[in-house]
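Visitor: Order-wise, the sequence lines are chains B and G.
Counting from -12, one number per residue, gives the positions in the first sequence under the numbering used here.
Counting from 8, one number per residue, gives the positions in the second sequence under the numbering used here.
These are calculated hints, taken from the structure and not from any lab test.
On a predicted model such as this, the values are computed, not experimentally measured, just so you know.
Be careful, since some hints might not be right.
[To be verified] Label pairs and their calculated CB-CB ranges:
| no. | chain 1 | residue 1 | chain 2 | residue 2 | range |
| --- | --- | --- | --- | --- | --- |
| 1 | B | S168 | G | E180 | 21 to 27 Å |
| 2 | G | D102 | B | A289 | 32 to 38 Å |
| 3 | G | L113 | B | Q(-10) | 55 to 61 Å |
| 4 | G | K176 | B | Q318 | 39 to 45 Å |
Backbone N, C-alpha and C fix where the C-beta goes; we use that ideal spot for every residue, glycine too.
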Amino acid sequence: MPQKLLPPAPDELEVSVFGPGYGESVLIHVGSGIWLAIDSCIDPVTGRSAPLGYLESLDIDPKTAIDLVVASHWHADHIRGLHELFSTASAAKFCCSSALCRKEFTALGKLYSGGKSRIPLGPEELYRCLETVSERIRTTGQSHLRWATADRLLWQYVSGGTPPSLVATLTSLSPSDSMISRSLKFMVDSSAAIKKGCVKARLTAGSPNDVAVALLLNINGRKILLGSDLEDEDNPLFGWSAVMSGMTAPGSRSGTFKVAHHGSVSGYLDDVWNTILEPEPLALLTPFRHGKHRIPNAADRARILSKTSQAYISAHPENVVRPAKKPTKIQGLMDGAIRNRRLAAGPIGHIRWRASICNPADKGTVDLFDGALALLDVV
Amino acid sequence: MTNLSDVLSGRDLAGRFDIKQLLGERELARPFSVKDDYLGSRVYGNTVEATASASPLLEDESPFILTPPERQSPSIHRFVKEQEFEGTVVAVNEDEGTFTARLVDLTNNCPDEEGEFFLAELNGDEYLVVPGALFTWTIGLQWRNTTMQRVSDIRFRRLPGFTREAIAKSEAEAEELAKFLDEQDAPEAFAARPR
């Protein structure tokens, strides 16, 4: 059997990062067959949620295996396929920022979900997830939703036995109260403008990202920092500075980092690398190719590599993949109207790190699939 | 194939369309859900003659109002769509006189694309080009009198397309969902299901 298709052992930790160039998803095996999914992106080849396809390729039933789905925020590059993932993982609980449940945002999601546009908009995907959450609560009478805010324990697992062989916790580090307040204003203003009839036909990502949920996973003392698209603005009430002012992160030291905001300078805070990450951490990231944006750029890559040589990226940040040609007569007309035509995303690159749960000193193994590469090798 | 939304949106209007062709994709009742004061459309025998004068308000379907074109010639008799993309503006590059767009192929099952278009090609729609704006890019064969030519056409959509009823309904449902979920925040961290 190809190595990629071998599932992790019950006592093996796995962090898989998927990203085709536009899109990001993280799938984590915390041990004992329990999986957590953070965000979703689409495999351009299959059109399906990448983490879902991966689990199925391992012959693992997502219906029972996925215990928790986290929507770190609503942007299209993090949320495509999330409803497919969450609805398939029929026993999973759900977490997102409470700002995303406000009526201004959900009303947009509802409006968008009734449209026929095939351009992914973001709010409608989240709205469908929240509808499914609602159905599960009504059907089972059990809690299926927990809001992610700064310093909040979201999920935990303690195995049987004395002492327990596996203790795992997942804590949200953001968004802070100030971020939530500002994001609500953004949503109210945006939805009012869109409903009133502005030219802009869809809610576009605001900057900085005020709803990004950064997470800290602790598995038997081994810590993993998942940075989502959290940015910083040198204000202790917002972004990474707020995380550093919080109660959870300053006391931790993570050996693995899902680098925030695709390695961009806006997601970088020196204090994060110097204070709450171990020296030479394992850094995992996805690129962001959108329009003329190419993240991480050369300066971003140099900055990350100055902090660690163990950095891996799911796809080349500057690769240009040309689409298939259309029939000659149509192609000729297209060439006259558009230039630099390219695929929005390439193959779904996949970084997979596996390590022993029982031995926290085990550095583990990194496998790179389908175009993922070491950041050092990005030319 | 030309569908009725093309007519309603003003695409290649002011000509006569084969009603059978139009109704191949849409039911007959559809045209009359459009308010006549927003779109002059009349049925003549087995053809539809459509003359757009203002934005059509689709009551129950599209969330968007399509900008009425003012540039069609009255002598376009037929249009056959060969390739269609739905696009969204990613960025406007004013220095270069272009905008970058993401494209979804509506004709074939192909991966999403990106590319740059020239603003000057838009014939008056430039003011609609802002990040987030949606448009359609259609390539097809157009018959004008006895002349056939292959044309490329970019048309921007704009809001408001949400009717007051749709907004009110969505807000009511959204508020109900938000209110319900607001009370469902789990009081304690989730405990993993035992394996």
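Visitor: So, for every hint listed, does it hold in this structure?
Guide: Taking the hints in turn, this is what the structure says about them:
One distance hint, 21 to 27 Å for the beta-carbon pair S168 (chain B) and E180 (chain G), holds here, with the actual separation near 25 Å. Distance hint check: the CB atoms of D102 (chain G) and A289 (chain B) are about 27 Å apart, inconsistent with the given range 32 to 38 Å. L113 (chain G) and Q(-10) (chain B) have their C-beta atoms about 39 Å apart, which leaves the hinted 55 to 61 Å range violated. Separation of K176 (chain G) from Q318 (chain B) is about 44 Å and conforms to the stated range, judged on CB atoms against 39 to 45 Å.
Hints 2 and 3 from the earlier list are contradicted by this structure; the remaining hints agree with it.
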